[in-house]
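K.L.:
What follows is the residue order along each chain.
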Amino acid sequence: DAMVIQNPRYQVTQFGKPVTLSCSQTLNHNVMYWYQQKSSQAPKLLFHYYDKDFNNEADTPDNFQSRRPNTSFCFLDIRSPGLGDAAMYLCATSRDSGGEQYFGPGTRLTVT
Amino acid sequence: RKEVEQDPGPFNVPEGATVAFNCTYSNSASQSFFWYRQDCRKEPKLLMSVYSSGNEDGRFTAQLNRASQYISLLIRDSKLSDSATYLCVVNKGYGGSQGNLIFGKGTKLSVKP
Numbered sequence: 003d004a005m006v007i008q009n010p011r012y013q014v015t016q017f018g019k020p021v022t023l024s025c026s027q028t029l030n031h032n033v034m035y036w037y038q039q040k041s042s043q044a045p046k047l048l049f050h051y052y053d054k055d056f057n058n059e060a061d062t063p064d065n066f067q068s069r070r071p072n073t074s075f076c077f078l079d080i081r082s083p084g085l086g087d088a089a090m091y092l093c094a095t096s097r098d099s100g101g102e103q104y105f106g107p108g109t110r111l112t113v114t
Numbered sequence: 321r322k323e324v325e326q327d328p329g330p331f332n333v334p335e336g337a338t339v340a341f342n343c344t345y346s347n348s349a350s351q352s353f354f355w356y357r358q359d360c361r362k363e364p365k366l367l368m369s370v371y372s373s374g375n376e377d378g379r380f381t382a383q384l385n386r387a388s389q390y391i392s393l394l395i396r397d398s399k400l401s402d403s404a405t406y407l408c409v410v411n412k413g414y415g416g417s418q419g420n421l422i423f424g425k426g427t428k429l430s431v432k433p
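Protein sequences, first through last, are from chains A and B.
Numbering of the first sequence is given in this note's numbering, commencing with residue 3 and proceeding in unit increments.
Numbering of the second sequence is given in this note's numbering, commencing with residue 321 and proceeding in unit increments.
No wet-lab data here; the hints were simulated from the structure.
We put the beta carbon where it would ideally sit given N, CA and C, even for glycine.
It is possible that some hints are incorrect.
List of simulated lysine-lysine pairs, DSS-like, C-alpha gap at most 25 angstroms [said to hold, decoys possible]:
#1 B:LYS362 x A:LYS40
#2 A:LYS46 x B:LYS425
#3 B:LYS432 x B:LYS399
#4 B:LYS428 x A:LYS40
#5 A:LYS46 x B:LYS399
#6 B:LYS399 x B:LYS425
#7 A:LYS40 x B:LYS365
Taking CB as the label site, the calculated pair distances span [to be verified]:
#8 B:ASP359 x A:ASP79: 24 to 34 angstroms
#9 A:ASN65 x B:TYR390: 29 to 39 angstroms
#10 B:CYS360 x A:THR22: 25 to 35 angstroms
#11 B:SER346 x A:ASP98: 17 to 27 angstroms
#12 B:ALA387 x A:ASP64: 33 to 43 angstroms
#13 B:ASN385 x A:LYS19: 43 to 53 angstroms
#14 B:SER372 x A:GLN16: 43 to 53 angstroms
#15 B:PRO334 x A:PRO63: 26 to 36 angstroms
#16 A:ASP61 x B:ASP397: 33 to 43 angstroms
#17 A:MET5 x B:SER430: 22 to 32 angstroms
#18 A:LEU85 x B:LYS322: 24 to 34 angstroms
A few chain B residues that don't get close to chain A, going by computed Cβ distances all over 10 angstroms [said to hold, decoys possible]:
#19 VAL333
#20 GLU363
#21 SER369
#22 GLY374
#23 ARG386
#24 ASP402
#25 VAL431
#26 LYS432
Next up, chain A with everything else stripped away, as it sits in the complex (with noise of 0.2 angstroms):
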């Protein structure tokens, strides 16, 4: 019944450790999104893809990179952990542009 997987849910790793953070979907929607979500913040953009088409948000920090092989599957590859990089780490798809975004449940990292 999931539509939007994200693993692994929890997530520790050490300070300048590179962590994978990985997203499926079964909806074969268009957009694929990753937010960063820190505590009683709002969602914050990282980037999204609209099919093979990639667009970084301009104050996403070069440490945060992401790719997507095929339509279901979306990576957030962050290359060296800072401590401000703790945050839940949500992954969201829309079946077009501007539509309704249904998120996974999200991946909470931890960084040592």
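Chain A is fixed; fit chain B onto it per the hints.
P.N.:
Then chain B, alone, in the frame of chain A:
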């Protein structure tokens, strides 16, 4: 002016009460409007889309006032299970990626027995 602004609350109401949340948005070109619900440490879940003059879904009614750039959410007969943070969400409406959504910080609702 913030792009999407909401009263953070918390709103503490008894069961059965009617409660209303308001949201203002800054870009008159925005075309898509939503209310999402987010439980503590969980993902946002779509509650309602608001596309025209508003719509109703059971105990929930959303209204849109384009002239004032204002959206509201009314919850009637509040249940304990309505306790959550309610996020007002608007599409960017300008520049590249104008379809991208901008989230408010949310309004926290706590329904008490």
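K.L.:
Please name the hints from earlier in the document that this structure breaks, with their numbers sorted from lowest to highest.
P.N.:
Structure breaks hints 5, 15, 20, 21.
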